[in-house]
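A.B. asks: Residue-level listing of the chains:
Protein chains: 2
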Amino acid sequence: MKLTRLEEKNLIEAIKQEFLESNKAVPVGLGDDAAVIKAGDTDLIVTKDLLIEDVHFVFSYHPARLLGKKSLNVNISDIAAMGGMPMYALLGLGLPERTDLEWISDFFAGLKSATRENGIALVGGDISRAKKIIISVTLIGEGKNIIRRSGAKPGHVLFVSGTLGDARQGLLLLKRGVRLGETKYADKLLKAFLDPTPPVQLGQELSRRKLVSAMIDISDGLSIDLGHICEESGCGAEVFLERLPLSPELCLLQRKRLAFALRGGEDYQLLFSVPEKKIRSLSELQEKYRITPIGRIISDPGLYVIDKKGRRKKTEIKGWHHFRKRVNRIESCE
Amino acid sequence: MKLTRLEEKNLIEAIKQEFLESNKAVPVGLGDDAAVIKAGDTDLIVTKDLLIEDVHFVFSYHPARLLGKKSLNVNISDIAAMGGMPMYALLGLGLPERTDLEWISDFFAGLKSATRENGIALVGGDISRAKKIIISVTLIGEGKNIIRRSGAKPGHVLFVSGTLGDARQGLLLLKRGVRLGETKYADKLLKAFLDPTPPVQLGQELSRRKLVSAMIDISDGLSIDLGHICEESGCGAEVFLERLPLSPELCLLQRKRLAFALRGGEDYQLLFSVPEKKIRSLSELQEKYRITPIGRIISDPGLYVIDKKGRRKKTEIKGWHHFRKRVNRIESCE
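Going down the list, the sequences are from chains H and F.
Number 22 in the numbering used here belongs to position 22 of the first sequence; there are no gaps in the numbering.
Number 257 in the numbering used here belongs to position 257 of the second sequence; there are no gaps in the numbering.
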């Protein structure tokens with residue numbers, strides 16, 4: 001059986017089972033946004049993401065500086081989703097012979113700006129030759145009230161930060177030849193894809209104030225990532241389509257904007273569930289951050305979408321299609 | 001300027017300088033075997049290594065099970081070189097479509113055997129599609145008396161563990177079509193390359209007993225890695241060629257065995273310097289481990305080799321040629 005025909009969810013499940021025994025002492029192991037390990041009394045949050053040329057990014061689309069930033073920011077997003085504070089980064093970098101010094105210099109300038117913005121120290125890594133550019137960042141953070149995917153309960157209200165679907169539209173524009181600096185409205189969409197900035201402060205405030213029961217970052221698309229929360233929490237969810245926060249730019253350009261918001265991916269926003277009694281406290285944060293209630297957790301283990309006419313439709317909860325989806329994102333996004 | 005013509009040492013140096021400011025609070029940052037970070041009162045040792053198909057390994061040479069083991073063991077080697085205890089691993093894996101389930105299953109079986117042997121928990125990671133196989137392991141360990149590269153002083157005696165040059169000869173045999181299971185003496189050499197087992201217990205004992213002043217793992221070859229110790233310690237070294245520990249198998253097969261031992265790479269043995277007054281205590285360890293004195297630290301900042309006739313010859317201290325050398329190792333090793 002080849003990997004294309006393999007159900008990746010099963011692969012990840014098999015790996016989890018295989019390594020379960022050795023992981024008994026680990027607070028959070030395989031299967032959350034990041035792993036949590038104990039170091040003395042400190043809870044450390046550890047995550048790593050591979051960015052591979054032509055799978056996760058296209059060389060000609062992505063300015064080196066923004067790629068350097070994004071390679072750190074996608075990892076920051078995982079730590080933000082647990083309410084943690086990113087602290088130390090390691091970089092594995094595979095570079096083809098064709099890579100010129102200017103590109104390398106720009107890449108590191110972008111990486112540095114993201115470390116500086118977030119108070120992160122780059123402490124180690126490995127550079128090697130490769131046929132395609134490979135960026136492997138490991139990020140280590142600390143967390144006090146670590147928020148997992150598994151605490152959502154029926155009745156809890158679902159919120160998302162920012163707007164959804166912009167990154168997918170940005171990628172679509174890139175594929176059509178649009179580049180940064182041409183028009184303002186396109187720039188906003190292009191930047192959503194090329195230069196995402198995860199709301200790490202929001203994640204930390206939600207954690208410090210203990211306002212949320214479950215949280216995840218939306219990297220694989222709202223429906224898949226909401227599916228993760230439902231699966232880990234043993235519940236379902238309903239989402240009001242007309243409440244999905246959309247940017248005016250996406251609305252202007254994309255007729256399928258709701259599909260983009262539901263399944264676009266690469267948003268790097270936060271999706272979280274809030275117990276009803278804590279919603280008043282949350283409203284204070286709404287002055288500082290764009291946070292939108294989009295639905296609620298239900299006991300029926302399914303994902304339902306409700307359209308503007310009130311019609312309720314069951315949608316399949318998408319599983320862990322990371323592998324296939326990420327590829328699609330570059331290679332066959334409409 | 002393209003990367004082939006770039007002095008990689010300068011690149012690493014530039015990166016170190018660029019990120020120096022953000023790293024002030026980090027006990028050991030860029031430029032040792034691994035980074036050391038503080039988590040509460042605990043010193044954590046963090047390292048990561050990329051293994052890329054056709055750069056660091058060749059698919060047809062490397063049984064999946066041994067590749068799974070090696071991908072963890074090369075990282076364990078870095079932590080062993082600081083006297084630490086490996087604890088948590090994260091795996092980033094890029095797999096081509098052609099990869100079949102049996103290969104994946106074997107790879108994870110090998111990885112698991114290495115985690116079990118060393119009491120390591122696999123806590124997280126990322127799987128993605130890729131054109132070539134990419135293995136990116138991050139390993140986190142703990143250390144009490146962390147041994148750096150920088151503590152060697154003139155007069156300290158240099159020791160290595162195990163034998164040197166076998167892995168290079170093993171790779172050479174693989175390139176000539178020799179495979180595991182054909183002859184016993186070839187198997188030993190092939191295994192040195194395909195299935196290295198770093199002496200992690202030795203590293204920990206040396207650290208616990210505070211016997212050594214500087215230590216490094218020999219991954220890039222004795223002369224380069226000794227060069228690192230000299231550079232970081234601000235000294236030089238002399239090596240007695242006839243004392244280099246060679247396996248009978250290497251001696252039998254390779255006329256250039258001394259060159260292989262000096263510059264072979266991938267040995268994953270430990271190289272360390274010992275103050276003279278501690279050599280008596282070290283001798284207790286010699287019953288348990290193969291440890292060989294091969295030379296000593298001198299104040300003159302150069303690397304000298306002394307042949308069996310007592311002729312002393314200066315050798316250029318090889319810098320950080322990781323990048324080019326690793327490529328050579330696969331593509332143009334004699």
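Keep in mind the hints are simulated off the structure, nothing from the lab.
Where a beta carbon is used, it is the ideal one built from N, C-alpha and C, also for glycine.
A couple of the hints might just be wrong.
Unchecked claim - Straight line, CA to CA, 25 Å or less: simulated DSS-like cross-link-like pairs of lysine-lysine:
hint, chain 1, residue 1, chain 2, residue 2
1, H, LYS132, F, LYS132
2, H, LYS132, F, LYS38
3, F, LYS38, H, LYS144
4, H, LYS131, F, LYS38
5, H, LYS131, F, LYS144
6, H, LYS38, F, LYS132
Said to hold, decoys possible - From chain F, some residues computed to sit far from chain H (all C-beta separations above 10 Å):
hint, residue
7, GLU18
8, LYS112
9, LYS144
10, LEU180
Stated by the list, open to error - Cβ pair distances, simulated, as ranges:
hint, chain 1, residue 1, chain 2, residue 2, range
11, F, TYR185, H, THR42, 47 to 53 Å
12, H, ALA14, F, LYS16, 47 to 53 Å
13, H, SER113, F, PRO301, 33 to 39 Å
14, H, PRO63, F, ALA14, 16 to 22 Å
15, F, LYS191, H, SER105, 38 to 44 Å
16, F, GLY119, H, THR42, 37 to 43 Å
A.B. asks: All hints, please: hold or fail.
C.D. replies: Right, here's what the structure says about each hint:
The hinted pair formed by LYS132/H and LYS132/F meets the criterion: a straight-line CA distance of about 9 Å does not exceed 25 Å. Restraint check: the Cα-Cα separation between LYS132/H and LYS38/F comes to about 34 Å, which exceeds 25 Å; the hinted pair is violated. Restraint check: the Cα-Cα separation between LYS38/F and LYS144/H comes to about 16 Å, which is no more than 25 Å; the hinted pair holds. Of the pairs offered as hints, the one joining LYS131/H and LYS38/F is violated, with about 36 Å between alpha carbons and a cut-off of 25 Å exceeded.
For the proposed pair LYS131/H and LYS144/F, the alpha carbon gap of about 40 Å is over 25 Å, so the pair is violated. In summary, the hint linking LYS38/H to LYS132/F is not supported, as the alpha carbons are separated by about 34 Å, beyond the 25 Å threshold. Here GLU18/F does not stay apart from chain H, with its beta-carbon only about 6 Å from theirs, under the 10 Å limit. A beta-carbon of chain H is positioned within 10 Å of the beta-carbon of LYS112/F; the least distance is around 6 Å.
Distance check for LYS144/F against chain H: the nearest CB is about 12 Å away, which clears 10 Å, and the non-interface claim stands. At roughly 24 Å from the closest C-beta of chain H, the C-beta of LEU180/F stays outside 10 Å, upholding its exclusion from the interface. Range check, TYR185/F to THR42/H: Cβ separation about 50 Å, and the 47 to 53 Å hint holds. Under the hint 47 to 53 Å, the C-beta atoms of ALA14/H and LYS16/F, about 40 Å apart, miss the expected range.
For the hinted restraint 33 to 39 Å between SER113/H and PRO301/F, the CB-CB distance of approximately 37 Å keeps it satisfied. Distance hint for PRO63/H and ALA14/F: a CB-CB separation of about 20 Å, consistent with the stated range 16 to 22 Å. Taking 38 to 44 Å as the suggested C-beta distance range, the pair LYS191/F and SER105/H conforms, at roughly 42 Å. At roughly 20 Å, the beta-carbon separation of GLY119/F and THR42/H lies outside the given 37 to 43 Å, and the hint is violated.
Checked against the numbered hints given earlier, the structure breaks hints 2, 4, 5, 6, 7, 8, 12 and 16 and satisfies all the rest.
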